[in-house]
Amino acid sequence: MSAKKASPAPLASPIGASPPRIDAHEKVTGAVQYTDDIPFGPRLLFARIKRSPHPHARIVKIDASRARALPGVVAVVTGEDYPGYIGLYLQDRHIFCRDRVRYVGDPVAGVAAISETIAENALELIDVKYEVLPAVFDPEQGAKADAPLLHPKLEDYVVAPFIFPQNGTNISNHFKIRKGDPSEVWGICAAIVERKYTIPHIQHVPIEPHVAVALVEDSGKVTLWASSQSPFAQRNLIAKTLGISQSDLRVVAPAVGGGFGSKAGVSMEALAVAIALKTPGRPVKLRLTREEEFHTAFVRQGLIAYFKMGCAADGRLLAMENRYLWDGGAYTEYGVNVTRAAGYSSSGPYEVPNVHADSLCVYTNHPVGGPMRGFGMPEMHVGLEQCIDDLALQIGMDPVEFRRLNCLKTGSTLVTGSKMHPIGLPECIDQAAKAIGWGSKAAPSSPRKRRGKGIALMWKAPAMPPNAGSSAWVRLNEDATLTVGIGGQELGQGTFTVMAQMAAAALGVPMEWVRIATPLDTEYSPYEWQTVASRLTWSMGNAVVNAARDARGKILKVVAEAWNEAPEDLDIVNGNVISYKTEESLPMKDLVVYGLPRPDGKGWTGGPIVGDGNFMPTYVTGLDKETGQGERAVVHYTTGAQAVEVEVDLDTGRVTVLRGVAAFDVGRAINPGLVRGQMEGGFVQGLSTALFESLQLQEGVLQNPSFVDYRIATTADAPEQVEAIMVEVPQDDGPWGARGIGEHPMVPTIPAIANAIYDAVGIRLSSPPYSSEKVYLAMLEAGLVD
Amino acid sequence: MTNARPGLPEFDYIRPTGLDEACRYLKEHAGQARPFMGGTDTFVRLRDGVWHDTYLVDVKHLPGMRTIEFDAAQGLRLGAAASMNQVIEDPAIARHYPLLAEAARSVASFPLRTRATVVGNLCNASPAGDTTGACLVFDGLLEVHGTGGGRSIPLRQFFLGPGKTALASGEIVTALRLPPPPAGAFGHYLKLGRNALSDLAIVGVTALGYPDPSAGSGFRFRIALASVAPVPLLVEAAAELLCREPINESTIRAAADAAMAACNPIDDVRGGAEYRRRMVRNLVRQAVTEVWQRLQC
Amino acid sequence: MAQHLIQMTVNGEPAVAAVPSQMTLMECLRERLGLTGTKCGCAAGECGACTVILDGEPVNSCMVLAVECEGASVRTVEGLSRSGKLDPLQAAMITTGGVQCGFCTPGVLMTARALLDRNPHPTDAEIREALVGNLCRCTGYLPILEAVRSAATAS
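Residue numbers (my numbering), protein chains in the order written: chain A, 4 to 789; chain B, 1408 to 1704; chain C, 30 to 184.
Okay, chain A solo, but in the shape it has when bound:
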């Protein structure tokens, strides 16, 4: 094989370009397969779940005999057969309830039948006797010493070392910050603000409901197909609770129609596996109806937050004393870490010398709090950013100036005592304020409307165990295309596309040559902790880059040997191996599988090229149990600002968001088009939670379990424009300096809107959503309208 002279000019690097997403074609043609689209043949069984109608009760007796006798029913399963506990950070949950039920919707039994209709009919034939127990519907009530105990065995639960349950209570985690001493400085504060904010439960509402299919073979091997953000975590947790080896449970994760955290960890997936264990040889499909989604899937837990903060006359923040009581729900196996994250972030993105914070996760008889986009940050920032505005106004300082003065900058001391890495938060503030036209107000669109502008900041770190890892492999094909194996999931955020860009850039090939090995399958995909925490671009990106560089090194070694050159003088450009010394050039195809002949003509060198790489942060230290102080609490922070312009209708109270501006420090925008997609989509999701969303729970029963009364933003509610500003202060260990952005654009939206409402009509509400009704009644009370 002879080499050609002259190397072609290198293609522009895909890094920083916005090529269209690589899965767009199959999505617009309807060809992409989501889990419910996969045909499983005529042996497929359908499952339905019998659920508790009570928020808290003892299960006295379950009689499934009539259900078992219904023609078409193949199996009925209860918690009797599954004694194991399951949970991510705290194992406090069974697959099916055993001795008691703890929320309306808690699974009590499962039926597998030859049709979904028969399975549904069989549920009526399962008789369950309950003894109703006193319930807890409020975290403040639940935290009291005399509250009914929802988890008497809390002491015995297996728990991650950084979570601190208070045994003998309903408090499953108590995170403390004790930094400096606020009591010493309240006296010298020029202004102090003390407020209580109540954040209701909301939900992720992916347009694709949860679905799982499980098949247990006679050999005992289990396969689970699920709409999943976390195939490896699901494999790990379900295998552990069943007492089987991880390698005996295979998880396949096809395309996902929206996650936002609801499809992370384990929720309904374990039910499908438990039922399938009773129908060996026949796959079992479990789909949640939309109503079941609202009643029983993960929710974003409610929060009661008390803030006290004070500043000096020149505007410097001197102290904060914050108390967060999280309505964790019936099981807090995941939610305990939301509590922790809010604790170590409790100051907001500000430098405050004295902070006392207590963040408590409390069991209640409410649906299960789980990970939702922002992981505690949206809930916390609602009140915090309004208090900041309040404080600024009290001392007569512009809210943007106040934030500029106090915000975290490179080298700032954080609430945990660590130092802030290089960040561009000040620039985000400046750009957001400028873009929204801070300081000027356009006339309202009619005499009965008022306009306002508001700004809010945010910060967030990936909340995860200190050793959450990523891995990747890169396999070269004969035609020199590469197949990249990853364990992180495409949820719509664009990770498959970004990984292709990174692999192409790291190897030296056009992006079109990169394929991602899909669907994710624990059988061949490499390990990825979970697709959460906005961690993939940074963590999995590093792994993909390492794998691509590994493959690159192997290719160069082969060619170096064939050409009798040093690998350092060679490069891969545009899919060709070139020598800077001799200007030889050789296309990569064929050699990446078949190798090259030796220079002496006696034999061959090389072979099929496979590169591998991984990434795991090694530098996160713990935090002191009593003070929350530590050297390095988290891997890094993404910070940013949002500004909005609203109009309030004096006759109806309706708040219309006219436009929004999002400015975030993303380190490096690998694909600015996709980053903009997160900023726009996150803004509108945030707007939706600000104006419309709450799960209306009464005595533990959800009153609005459907789209009819759980409203989300529609095309009519999206603003005219959302400007997306990308600030780039590189992350030292991010690929090309990148850090995460997936969650952050929905974190500051509620307080930005709240601050804009205040600017427009001078009222503040103690809890979202800022429905027309709530705004009108508040204006009425304030004497603004009659």
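Think of the hints as simulated: they come from the structure by calculation, not from any bench.
Heads up, a few of these hints could be off.
As the list claims (entries may be wrong) - Which residues of chain B face chain A? A partial, calculated answer using Cβ under 8 Å:
1) Leu1599
2) Asn1602
3) Arg1684
4) Met1686
Values in this document were obtained by computation on a predicted structure and should not be read as measured data.
For every residue, glycine included, the Cβ atom is placed at its ideal position computed from N, Cα and C.
Since chain A is already given, all that's left is putting chains B and C on it; use the hints.
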């Protein structure tokens, strides 16, 4: 927990060939059989387990159910199965009853309106129905076919309670009739939902006004309210005020206050009574002002 | 309970299916005809993920019985592209970033296709109104509206 089924429950689909056959079938299977057209309310109720019918009788294709006819003397005959989109696009309705088209356009979404019908909206008898106000202020009546033959029910006598109508067992509504509209009439439907568009009405205000020399003010108004009473509510007191006294900002305010006093909203998952009351006042003021401005042009 | 044998035209091709009375058009497309492009997001006519074009008009296919479609003509997302060439709406959605998770996409495309078929040059307000029944949780709608605008201008 109320939990809807994954899909529709089992039932038999019945397709009668004539009206008499349909009515006979419904009467014979009373309690187990139900007529349906667009299905947008029927299917939801069946899936939710609120209704348990085992026979669904499709009446859309029966003679006269889909046609829309207008003549100057008789007015409008709107076939029961004409879709809301058909109503919105019909030239006669656009010309003579634009308020009805405006109200229909506020319902849900275009794809849903391909199936939804105005008569279905009326027979659903929800106090939140968007088109009920327009049909009431145009003095509509329903043509009904039953096992004993045909009859008419004026809309003012049709709504008996939430979900309850004056239809007897075995009866099918075949058409909505609206008499010729008053000359020079203008109307407006103002709907307050949670989202900017679509959604159910938290409060709905229908206002129709037309010149009438016999009225003290020279004009007559008809005002109907949605979602603030067990049934769609015609507010006579407010209309009275606007017909008696010269119309100005002050009379309009008084009429709006009268409407507020006449309504009887409840607290529910969508909104509170206090807010609804005040929105009735504010929206009646707005709707009547808008109609009044157009009457003066 | 009775089974009905129905014959329809789907994406220009004849289609035959045996369906129980209560099977919806959505279920028939997905489970009998293997056309899984049409999605189920709520089964209650609220989210628009199941939108198809039935006899020229867009409908929520979860609110239509299969048995009502005897003799009808149905167009689904699988029938949008012709001989491998994408419909201008599909191409525009790729360019503007109107697709993220893709689950609402088929319904959005069919509603938008029906809009442009009846109103080739809609205003921005008309586009928003036409798509108000198609819920999207990922994109925030702006790139979807841009795609429809762009496809309308192109044709």
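Taking the hints in turn, this is what the structure says about them:
Using the Cβ-Cβ criterion of 8 Å, the hint placing Leu1599(B) at the interface with chain A is satisfied: the shortest such distance is roughly 6 Å. Here the hint on Asn1602(B) is kept, as its CB sits about 5 Å from the closest CB of chain A, short of 8 Å. About 11 Å separates the beta-carbon of Arg1684(B) from the nearest beta-carbon of chain A, more than 8 Å, and the hint is not met. The restraint placing Met1686(B) at the interface with chain A holds, with a minimum CB-CB distance near 6 Å, inside the 8 Å limit.
Against the hints set out earlier in the document, a violation occurs for number 3 only.
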